[in-house]
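Using our numbering, you'd call the opening residue of the sequence shown number 22 and step up by one each time.
Taking CB as the label site, the calculated pair distances span:
no. : residue 1 : residue 2 : range
1   : Glu89     : Thr256    : 25 to 33 Å
2   : Asp78     : Glu221    : 25 to 33 Å
3   : Gln237    : Thr102    : 25 to 33 Å
4   : Gly180    : Gly205    : 18 to 26 Å
5   : Pro144    : Leu88     : 31 to 39 Å
6   : Asp231    : Pro204    : 33 to 41 Å
7   : Ser235    : Lys74     : 15 to 23 Å
8   : Leu101    : Gly205    : 41 to 49 Å
Below 20 Å or equal to it, Euclidean Cα-Cα: the simulated SDA-like pairs (lysine to any residue) are:
no. : residue 1 : residue 2
9   : Lys201    : Ser213
10  : Lys74     : Val240
11  : Lys74     : Thr120
12  : Lys74     : Gly250
13  : Lys201    : Asn179
14  : Lys74     : Glu89
15  : Lys201    : Thr174
16  : Lys74     : Glu122
17  : Lys201    : Glu178
18  : Lys74     : Val241
19  : Lys74     : Gly130
20  : Lys201    : Arg217
21  : Lys74     : Asp246
22  : Lys74     : Leu88
23  : Lys201    : Gly171
24  : Lys74     : Asp134
25  : Lys74     : Thr256
26  : Lys74     : His86
27  : Lys74     : Gly128
28  : Lys74     : Leu129
29  : Lys74     : Gln237
30  : Lys201    : Ala175
In short, the hints are calculated from the structure, not lab data. We put the beta carbon where it would ideally sit given N, CA and C, even for glycine.
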Amino acid sequence: MDQQFRNIDRRRVLALGGGLLGLAALGPTVWPTKSAAAASLVPSSLSPEQALKRLLDGNQRFTGHHLEHPDQSEERVLELTQSQHPFATVLSCADSRVTAEIIFDQGLGDIFDVRVAGNIATPEVVGSIEYAVELLGTPLLMVLGHERCGAVTAAVENGPLPGQIGTFVDAILPAIAQVKGQPGDAVDNAVSANVRYQMEQLMRSPLVRDRQRSGQLQVVGARYDLDSGLVTLVT
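Please build the complete structure, drawing on both the sequences and the hints.
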């Protein structure tokens with residue numbers, strides 16, 4: 022494991038909580054108590070295999086229109102006030118139609134949800150995922166692409182885009198090159214190739230790689246079908 026990361030003051034990371042991954046908190050830092058910090062480091066009780074099954078079972082409920090809407094009660098809200106123990110980390114596209122908690126029929130605190138156009142593993146995204154798998158101990162990491170992804174389509178077409186919209190294209194182009202000229206739909210091929218490529222980028226992280234090799238973490242790729250709502254694994 023990277024020695025520099027070992028030396029991070031984990032109490033400060035835990036104090037920031039979700040704010041580490043979003044806007045910086047204003048005002049003085051509120052440090053957690055020793056018991057609260059310890060609770061935040063408690064990993065999910067599920068094995069990687071059980072965590073994956075829980076996600077896929079939830080997707081079956083979603084596609085079958087038998088939703089349970091778990092972990093959305095007032096009690097659940099109160100339970101999560103001091104700590105979080107998500108059982109899965111999902112890197113998915115920012116597309117409004119691909120919300121992990123909905124398509125997997127999960128609730129508050131169940132999924133550490135990292136969303137960005139094209140489900141790309143930028144340094145900021147990798148850092149967010151390292152936080153989830155190392156400090157929160159999520160046993161499952163899924164990279165989730167989806168059918169007819171606009172970001173992947175933009176990378177396939179590789180044309181000019183206004184403002185900062187095209188900043189994600191460079192992160193997807195290596196995946197496009199891997200399937201260029203293959204039979205079938207170019208965008209559809211590229212969606213799966215991009216999932217595999219971003220998984221490779223995540224595995225460059227010593228934190229992700231070490232937990233995967235130790236058996237504490239399973240890293241999988243998947244894609245979401247916009248027409249059916251079904252999630253299938255990408256090998």
